[in-house]
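Number of protein chains: 2
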Amino acid sequence: MKGVLYVVSGPSGVGKTSIIELTLKKVKNIVFSVSCTTRPKRPGEIDGKDYFFVSEPSFMKMVENGEFLEWAVVHSYYYGTLKKFVEEQLENGKNVLLDIDVQGAMTVMKKAGDAVYIFIAPPSFEELKQRLVKRGTEDKTNLERRLEDAKRELSFIPQFEYLIVNENLQESVDQLCSIIVAEQVRVKRALDRLGMHKFFENGGGYVE
Amino acid sequence: MKGVLYVVSGPSGVGKTSIIELTLKKVKNIVFSVSCTTRPKRPGEIDGKDYFFVSEPSFMKMVENGEFLEWAVVHSYYYGTLKKFVEEQLENGKNVLLDIDVQGAMTVMKKAGDAVYIFIAPPSFEELKQRLVKRGTEDKTNLERRLEDAKRELSFIPQFEYLIVNENLQESVDQLCSIIVAEQVRVKRALDRLGMHKFFENGGGYVE
Numbered sequence: 001m002k003g004v005l006y007v008v009s010g011p012s013g014v015g016k017t018s019i020i021e022l023t024l025k026k027v028k029n030i031v032f033s034v035s036c037t038t039r040p041k042r043p044g045e046i047d048g049k050d051y052f053f054v055s056e057p058s059f060m061k062m063v064e065n066g067e068f069l070e071w072a073v074v075h076s077y078y079y080g081t082l083k084k085f086v087e088e089q090l091e092n093g094k095n096v097l098l099d100i101d102v103q104g105a106m107t108v109m110k111k112a113g114d115a116v117y118i119f120i121a122p123p124s125f126e127e128l129k130q131r132l133v134k135r136g137t138e139d140k141t142n143l144e145r146r147l148e149d150a151k152r153e154l155s156f157i158p159q160f161e162y163l164i165v166n167e168n169l170q171e172s173v174d175q176l177c178s179i180i181v182a183e184q185v186r187v188k189r190a191l192d193r194l195g196m197h198k199f200f201e202n203g204g205g206y207v208e
Numbered sequence: 001m002k003g004v005l006y007v008v009s010g011p012s013g014v015g016k017t018s019i020i021e022l023t024l025k026k027v028k029n030i031v032f033s034v035s036c037t038t039r040p041k042r043p044g045e046i047d048g049k050d051y052f053f054v055s056e057p058s059f060m061k062m063v064e065n066g067e068f069l070e071w072a073v074v075h076s077y078y079y080g081t082l083k084k085f086v087e088e089q090l091e092n093g094k095n096v097l098l099d100i101d102v103q104g105a106m107t108v109m110k111k112a113g114d115a116v117y118i119f120i121a122p123p124s125f126e127e128l129k130q131r132l133v134k135r136g137t138e139d140k141t142n143l144e145r146r147l148e149d150a151k152r153e154l155s156f157i158p159q160f161e162y163l164i165v166n167e168n169l170q171e172s173v174d175q176l177c178s179i180i181v182a183e184q185v186r187v188k189r190a191l192d193r194l195g196m197h198k199f200f201e202n203g204g205g206y207v208e
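First to last, the sequence lines map onto chains A and B. Okay, so the first sequence: first residue is 1 according to UniProt numbering, each after it adds one. Okay, so the second sequence: first residue is 1 according to UniProt numbering, each after it adds one.
Mixed in with the good hints there might be a few duds.
The list treats identical chains as interchangeable, and a pair is accepted whether it falls inside one copy or across any two copies.
In silico DSS-like links for lysine-lysine, alpha-carbon gap of 25 Å or less [unchecked claim]:
#, residue 1, residue 2
1, 111, 188
2, 188, 151
3, 26, 61
4, 151, 61
5, 110, 188
6, 134, 26
7, 134, 2
8, 28, 41
Since the hints were derived computationally from the structure, they do not count as laboratory data.
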């Protein structure tokens, strides 16, 4: 049976990366989709683990070849999700987690499939601004622009299924883990996993 | 903001009581709705904690007075959920967990309100039979009848939202806890909790 796609989105600086990292350690049977990007590597990031860091010409070639499930320009750089990786994992019954921007999430939503949409929001704009400043990865112009983008991105919240307000890291991790586990035991998915007909066999067992 | 009603249902002997007991220890802000019943108290049960054990005349009077959110005859005895308790808790923002039979769950479903429906199923009929025998609370006739009832109850699974197949107690507890936490962070409920307008105030904070 196919895996489930978990789409985690939200503004830059909200803490998605930390929440996702801790979640992946706790939840079984889920893999992280490493995105491609043309933005420069930040200190501490690892090529092939945090992102595949590629040149702009390479990225555009991949776009031409239809290699992305979704791609977008975010804060002047390109980001994309590799279609082949995601499809293979899902076909093999593995759940996949995407960490993508809000535009990208909207693209994936149009392409449907069995997916769960989770928005991670900051407790306030002030908090978001402080986190971006603390992270030290933006200059003043970029900072202002990210805050403006954040306000716009928040307006998409109603299109998502879950909203995690990241006030406390452990609580946010607990919420994301809970969403992943709970979605696995939705009736439709549980019945698919078990083979629905088995429930109605007289006296039969129905767990594989 | 109103609390959420969690309706946990499934056949006798499936392990609902144990799962719920452990879940209530782990999850905050949720109270258990103690049902009324006319069945005799089993060894180890406490009046007012496991059930309110009442006489049949008392129960019928409560039915007449409209005191039950739902009530049903299950295996020759009456069971009912106290409306006043549930409504007060929900009004005060407390989440409430009901442990009721499948008929009762169907009644609650008709009355709607914000509720989450969770079915707990045995891994197989053989397993269910063994658990009922081990529990030692049924004679042979009752045993056969409970198994027949179980088969019929399983046919209601598609009307529920979540299905927990109770093979492993800890895993089932983890799944029920996850469902409760995940449902709290559904976008609609999260926005209600935060006050939706706050997301769209310019530069404003939006967590109470």
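Here is what the structure says about each hint:
{"no.": "1", "hint": "111 to 188", "result": "both (20 Å within a copy, 23 Å between copies)"}
{"no.": "2", "hint": "188 to 151", "result": "between (35 Å within a copy, 19 Å between copies)"}
{"no.": "3", "hint": "26 to 61", "result": "neither (36 Å within a copy, 51 Å between copies)"}
{"no.": "4", "hint": "151 to 61", "result": "neither (32 Å within a copy, 57 Å between copies)"}
{"no.": "5", "hint": "110 to 188", "result": "both (21 Å within a copy, 21 Å between copies)"}
{"no.": "6", "hint": "134 to 26", "result": "neither (27 Å within a copy, 35 Å between copies)"}
{"no.": "7", "hint": "134 to 2", "result": "neither (40 Å within a copy, 37 Å between copies)"}
{"no.": "8", "hint": "28 to 41", "result": "neither (29 Å within a copy, 41 Å between copies)"}
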